[in-house]
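Undergrad: Since the structure of chain R is provided, determine the placement of chain Z on it from the hints.
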Amino acid sequence: MTSTEPIAPGGAARRDRGQTTGEARSSLGVSWPGAVYRVLKGFEVRQMSFVPDAGHSELIELFRADPDIVSNVLTTEEEGVAIAAGAWLGGERSVLLTQSSGVGNCINMLSLAVISRFPLLMLVTMRGEWAEFNPWQVPMGQATEPALKAIGVRSLRAEAQDELVDMVAAGATLAYEADQQIAVLISQRMLARKVW
Amino acid sequence: MSAMTPMLDRRQAVAALLEDRDGLLVVTGLGSPSYDVHAAGDHDGNYYLWGAMGAAALIGLGLAQARPELIVAVITGDGEQLMGLGGLATIAVARPKNLVVIVIDNGHFGETGMQRSHTGQGLEIAKVAEACGIEARIVESRAGLEEARASLRRKGKGPRLYVVKVKAENQPRSLPPRDAVHLKNRFRAHLGLGPT
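Which chain is which? The protein sequence lines are R and Z, in order. The first sequence begins at 118 in our numbering and counts up one residue at a time. The second sequence begins at 762 in our numbering and counts up one residue at a time.
No lab work stands behind these hints, which were simulated from the structure alone. In this text, all values refer to a predicted model and were calculated from it rather than measured experimentally. Here a beta-carbon is modelled for each residue, glycine too, at the ideal position from N, C-alpha and C. Keep in mind that the hints are not guaranteed to be accurate.
[Unchecked claim] Listing some non-contacts, in silico: residues in chain R with all C-beta distances to chain Z over 12 Å:
(1) E175
(2) V190
(3) S233
(4) A248
(5) V255
(6) P263
(7) D279
(8) A286
[Claimed, not checked] In silico SDA-like cross-links for lysine to any residue, where the CA-CA straight-line distance does not exceed 25 Å:
(9) Z:K916 <-> R:P184
(10) R:K266 <-> Z:D940
(11) Z:K928 <-> Z:E830
(12) Z:K916 <-> R:E209
Okay, chain R solo, but in the shape it has when bound (with noise of 0.2 Å):
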């Protein structure tokens, strides 16, 4: 399904529960996961940790099967802030996956990549904000952007999967060679509608 497509609760499109919908291509017929794992590369990413998001999955699967990264579930977001610092210390570069809901998590820890100017690169997906049924998830969804601000983490949003790419390769270059903080915010729009 692609966000231009009418919501359809209960509808012909509904699927097993906690299933996205759609393949999430791009216009270039690339899907977005593995454009974005391929500029992670380049970048020398060599420690990925998450806590699971279904927005995230493609990508996780593609880190995860990588012989070259290490991979982390996390208990809780914030332990990926920490462990991105520890990665930076010993010369590795590391990204944090998560959902809008997990920036909450972190709000105290990135307290240390903010004092410290420890690069730090957040892959947030969005929700709460576009077509969202779940109301638990809106006031962190809405709460995302200016959380992150207050606490000194800049935000870049990408509302189309052609524009997330150059984002999270503008993201990593800020983070990993200019020692910045930044959370690139993946709309829900973009992301495959959940359907119940």
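TA: Below, chain Z without anything else, positioned relative to chain R:
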């Protein structure tokens, strides 16, 4: 849990652990463990935390993954590790052979007025770690400290954790630098890594 009143002096215990440390890399949890490690002798291979409570062991994980040829010791307190209990699960699953977490356990939050912590009311972090799948030991004697020190010289089968039971008393403060960027760059330079 030990029925005995701990007899070890925290500062002497940490100094004993770090004696002839060679290439050991050390990450310290905020508060007294940072002061204890600093009092044992400042070192370019020390990364001291002054905040980011709950981060220490996970910074150690990221660092251990980046530098698998070196041994990483995280020296932290019971309160700091309690804030990152989930991190023990993440470390257990990651299984770094070169990471040793040392929890200096006085059963209290020493920095904030000596309020009793969970460990002061019966919780044993070594058992939590063991349940996660981490090789864990309780240290209550000089002989136990010697065994822990020896483990900092070699890799294990997986991650290791020592809980060192110490007297609940505040020692004179021995303050490491608070400039986190300085500490980061100093640590990286120690590993031959340049600034950005």
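Undergrad: Against this structure, judge whether each hint is valid.
TA: Hints and how they fare:
no., hint, verdict
1, E175, "holds (22 Å)"
2, V190, "violated (6 Å)"
3, S233, "violated (4 Å)"
4, A248, "holds (32 Å)"
5, V255, "holds (25 Å)"
6, P263, "holds (21 Å)"
7, D279, "holds (29 Å)"
8, A286, "holds (18 Å)"
9, Z:K916 <-> R:P184, "holds (21 Å)"
10, R:K266 <-> Z:D940, "holds (22 Å)"
11, Z:K928 <-> Z:E830, "violated (34 Å)"
12, Z:K916 <-> R:E209, "holds (21 Å)"
Checked against the numbered hints listed earlier, the structure breaks hints 2, 3, 11; every other hint is satisfied.
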